[in-house]
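Protein chains in written order, with the working numbering: chain G, 1 to 169; chain X, 1 to 320; chain U, 1 to 122; chain L, 1 to 681.
I should point out that these hints are in silico values taken from the structure, not numbers from a laboratory.
The beta carbon of each residue, even a glycine, is placed where N, CA and C say it ideally should be.
Treat the hints loosely; a few may be bogus.
Straight-line Cα separation of at most 25 angstroms, SDA-like style, residue types lysine to any residue; simulated pairs [unchecked claim]:
1. L:K198 - L:Y610
2. X:K135 - G:H30
3. X:K12 - X:V103
4. X:K135 - G:N25
5. X:K135 - X:L153
6. X:K135 - U:G94
Quick list of simulated restraints, FRET-style, between CB atoms [what the hints assert, rightly or not]:
7. X:V316 - G:T160: 36 to 44 angstroms
8. L:E84 - X:P303: 49 to 57 angstroms
9. X:K61 - G:W115: 55 to 63 angstroms
10. G:R4 - X:I10: 46 to 54 angstroms
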Amino acid sequence: MTSRDVLFVAVGLITAAAAVLSVTNRRVLHAGLWLVVALGGLAGCYLVLGAELVALVQLLVYVGAVVVLVLFALMLTRSGAGEVDTSSAHRWVAGAVGAGVTVLLGGTLVAAYGWSEREVAGPSNDAIGEQIFGTWVWPFELLSLLLLAALVAAVAVATTGHRRQEGER
Amino acid sequence: MELPLTVEIILKAVVVLAAFLTLPLAIGQTEHKVMAHMQGRLGPMEAGPHGIAQLVADGIKFVQKEDVTPAAADRWVFRLAPAVALIPYLIALAAIPWSAAWVAADVPASLLFVLAVTSVGIFGTLMAGWGSGNKYSLVGGMRAGAQLVSYELPMVLAAASVAMAAGTLSLTGIAQAWSWWWLVWQLPGALVFLIAAVAELQRVPFDAPVADAEVVFGPYTEYSGLGFAFFLLAEYAGIVVMSLLFTVLFLGGWSGPWSDTLGPVWTLLKATMVAILILWLRIAWPRVREDQLQRLAWVVLVPVALVQLALTGVGVVVWG
Amino acid sequence: MSPALPLLLAAILAGVGTYGVLARRHAVLMLIGVELMLGAAGLILVTVGQFDIGQVGGDPLASGAVLTLFVITIAAAEIVVALAVVMAMFRTRGDVDLTGEAQTVEAEVPDETSPKMGEVLG
Amino acid sequence: MTRAVDFPWPDWELPTLPLPGVPDIPIPDLPGTPAQAAVLLAGAAGILGLALSKRSSRTAAWIAIGSAGLVLLASLWQMYSLHEAGDPRISTTIGPLAFGELVVPLELSASRLSALVAAVVGLVALIVQVFARWYLWFDPRYRQFSATVSVFTAAMLLVVLSNDVLLTLIGWEVMGWCSFLLIGHLSAKDSANRAATKALLVTRLADVGFVLGLVALAAGAGTTAIDGIIGHWVTIGSDITVAPGQGAALTLAMVGVVLGVLGKSAQLPFQDWLPDAMEGPTPASALIHAATMVAAGTVVLAQLLPLLQAAAPARVLLAVLVSITIVLAALLAFAQPDIKRLLAWSTVSQVGLMLAALTVVPVGTGPDAAIMHLVSHAWFKALLFLAVGWMGVLTGGTVVRYVVSATKRYRTLRRPVGIGLLSLAGVPPLVGFVSKELVLAQAEHGVQHGAGTAGTIVLAAVGASVPLTAAYCMRAWLILDRGPRRRAVHQPGAQQGHEIIDDFFAEPEVVEEAIGIEEAESAISSSARSAVAVLGFLSVVGGLLAFTPQLELDLVINLQLLAAALLLMILAALAVWVASRGVGSRDAAARLPVSVSLATERGLGFDRLYRAVVAAPVLRLAHWVQWLDREVLDAYVRAAVPAAKLLGGALEQTHPRRPAPGLVLVLGGVVVLAVIGVVVS
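Using the sequences provided together with the hints, build the complete structure.
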């Protein structure tokens, strides 16, 4: 095992543990905070893998914005009280499905790519930039459209309910 | 001067820590004094000559105070929040260059790094707001969350404009690519960045999250002693980081006469000016209402930042 | 290093995410599961991109990193819309419970003028 | 058939005047060419005039008049430098456009003739701007007017100087829109709006042909450069030969271009918009009628002359239509109850003369006669319009009963109106006489050099126009100058008292007659009056232009024909004089039956024809399309709603309505399927 392996195992363990906690914790806001740790850990994994641009974007967009929104929604829905998990039987079935996914995915991937040591040699930031605005420019532009559509849709969905409610009063 | 790697890292860490501990205090002291003079009064005069040791005295006071955790608080979240608020700025400070050679951690995409790391600091506020078990804190935390998410966008866009102009994401590279006419070319972006930075710091006029007349002290209502001191430190550290970042991005960092030797001094000088500008805003301006605040971000800053991006794009294509 | 480690982590994250989606009855918490699954997808993409797996001569199109960036962007769009839906649901139903009977008729509107802090803080 | 008469009168070759040599000014190395400067200055003035003038008419006037002066200087400089250099001068605009296989050089070209026309355009534009400054002094929308005139001038210059059909098209379009704005300047008036819309619609309709024709020409040639197009389609030797196998295509394209020209030049069957366009302010009419819009067709056809000569059917079509127009418009002009409308119809007739001269140009000769008539018409028609506009201000209108004995009442008007009418009628030695004789000589020349039946028709029409023109000019003069002198009953809108203007940029001051100022002497700014005087001077001596090397007229004047024309002219004038005797207003047209004058006033009901032939079918088509859209296409869209509802309802029945358990089942199924897939593969 190289030092990179050790580093990855450490960060990966934190990530996995935080992920597990974020889906099992019964206090909703703690679940959200564990998600922060899990996604931050994921950014760390990217960093260890040498994909620093992805790691920083993950940190900036996911942790800095997306999860904040999630926490925000948790606060706004005032959902501290009440059950947050399904019945225990349901949870067992869900656990089985989750384990199945892990086993299936892990088995397939490891079987396909093996344990052999390989060189880490990802593209540089410049190369990524050039590719985004070269090969991938149309998907990229399409993404901007998607974001716009999401923005409009979010505003539309959020305000429609509001208006209906006001209309009733 | 070749040092062993470990020694160099330790040395740099110590220097950054020292800077992190002294600069915010200096800012705090400056705030006291500048505010006092602008308001035509003396300010703290008792501790030390001309009140210089006031902040040290404050620190001692904070340490002596009892650290109360409210009964309704979410204990761990409440306790961790000050640290989460503070540490990102420490990490960010390490990546900001003072001159071409004076940079603790010269990571390749340092601009993105600084922005990404500082964006994590928001969790400190959110955690404090939630964890205090206090309705004012919750409202303040939500205000802070909304404000920070809104202002992060124009801030990143304005920074992206500079990065585009310089053709690099490295802060060192940006400062080296800077030339004086960027002052005009990037002016809209600079204004957007400055406004967004003040909003990110939740300082007047964008301090609705901690508006004392409405929500007591927002997320920090329940804190006392060291926890409160940490938040205060985080705020001043934020001013330091944002001033330095603004200096490096828009004012050319260490460029100036004899920048080979005097580089860090120039950086410090410019950053001080920016910091005083931020302090001045607090003293001179009234608070912006919550809806006005959101409006400003989405209706003014984001479009201006986008226009600046387009302007930069045109400039890069035409002159580049 | 071995690509098996990140791939295994991705498998774990995907499984945990699936569990989160299935086992939670709180809509926002369910979204957390979705985010974990998306994270797993991103991790697989990055791993494949960084290790030149499956192709000779590296990743000339930088597809691993670029596609991960796309995934992150799409996730941002997805979460925004999803949260808007959750907020609308909360407004009309007063809760975000997913196990209950799906309702087409609007249920009672929560009284928003006096938030009960005890309930809020749980 | 004047040709057949064999009378031993000598023919008269045009002499070349012993001109003093043009002084040899060293040509400094200026940035850009005069052509670029002229177009750019005029265009920029339009934009700057609006942008910089805020709400100040004064600034707008400075910008508009200053730039018009500069444009005139540039175009004069262009004439001079061409005279020195000799060759046509090509200059670029924005550089060639990348259009794949199509070559689009976007070049300007200044040749001997186009430089002359550009100079005339520049002069008329300057005079119109100066005049408009006085005429529209109190108009709150003067800024827009002057800016539009600037843009209009730029567009016309672009058409004149263009060496690229794309530029021609741009100028053509911009002129169309500017004419819309100018005609509809008094936008509060319904009739002005209607006239503007009508002008736009009619010319647009014709433009369809123009655009298609030019596109066909450019596409066939693979270039939009005019010389390139001509070089591709025809080979000019002793005779013009069309590139093999392309005769039909060329004919079709040229028919399209001819249609567009007919529309812009208000020839049959598009003639009706021009008289209505009199709703615009007089300076606008002067500009549109004199040097720009209606003359643009002549310019374009002059540029494409070899193609017109090669496409016989298009040429014949043009010849026949303009011949009818010449006679018809002259007849209609005679019966108009409004002096301005009389002038409008005379324009239609005179522009017909220019185009007629083009149709009979034999291969190998230039369009110089047509251009000469264009220039001369620009001068005397601008003079007439400005003088009549001035008169309108004094009398309160241009309808016959207002303007009876107007030049008697206002003596200063007498000279400009008189010169204008004499020139229009073609009385020697005024410029109108020279140019009209040239057109006549050109027609006769054409008949002798194989212009065929078309040539004969043209010659007949041109010949017929001579007495007709003389008749309506005589009628106008009798009304204006020989009418009974009535003590001025001020018409509504006429000035009470008189304006006195000392300074060009100072506001007019109204002075009562009692102060003792000679009647109407000071009712116009001195600059506007000198502008009119310049036109009057040119209308008198402008004929000399024909004897300068600026025009290459190797025409032989048939003196017999000339004498006949003069005789006809005198006879017509006498007849009108006789007819006017005994009519109170000395209006010869009053002898016409009421039904005839009414019909002529309405342009012989062409409006109704347009409505039946174009408007009604278009409206019916629009209704059809709307119906199709609403009842057929929308039906599918509307049907989507109940369909979606139905489908949703059906699916709702099968749904468990409990999201969480459903999700477990779905995902579990997916995992099982995936396992099966992995194991099997």
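So, going through the hints one by one against the coordinates:
At most 25 angstroms may separate the alpha-carbon atoms for a hinted pair to count; K198 of chain L and Y610 of chain L meet this at roughly 10 angstroms. Distance hint between K135 of chain X and H30 of chain G is fulfilled; the C-alpha atoms sit about 18 angstroms from each other, no more than 25 angstroms. As the CA atoms of K12 of chain X and V103 of chain X are separated by approximately 9 angstroms, the hinted pair is consistent with the 25 angstroms bound. For the given pair, K135 of chain X sits about 23 angstroms from N25 of chain G by alpha-carbon distance, which is consistent with the 25 angstroms threshold.
A hinted pair counts as satisfied when its Cα atoms are at most 25 angstroms apart, and K135 of chain X with L153 of chain X does not qualify at roughly 28 angstroms. Note on K135 of chain X and G94 of chain U: the hinted pairing holds, with a Cα-Cα distance of about 20 angstroms set against a maximum of 25 angstroms. The hinted range of 36 to 44 angstroms is satisfied by V316 of chain X and T160 of chain G, whose Cβ atoms lie roughly 42 angstroms apart. Range check, E84 of chain L to P303 of chain X: about 55 angstroms between beta-carbon atoms, so the 49 to 57 angstroms window is met.
Checked against the hint of 55 to 63 angstroms, the C-beta distance between K61 of chain X and W115 of chain G comes to roughly 59 angstroms, which is consistent with it. Between R4 of chain G and I10 of chain X the C-beta distance comes to about 23 angstroms, which lies outside the given range of 46 to 54 angstroms.
This entry does not satisfy hints 5, 10, going by the numbered hints stated previously.
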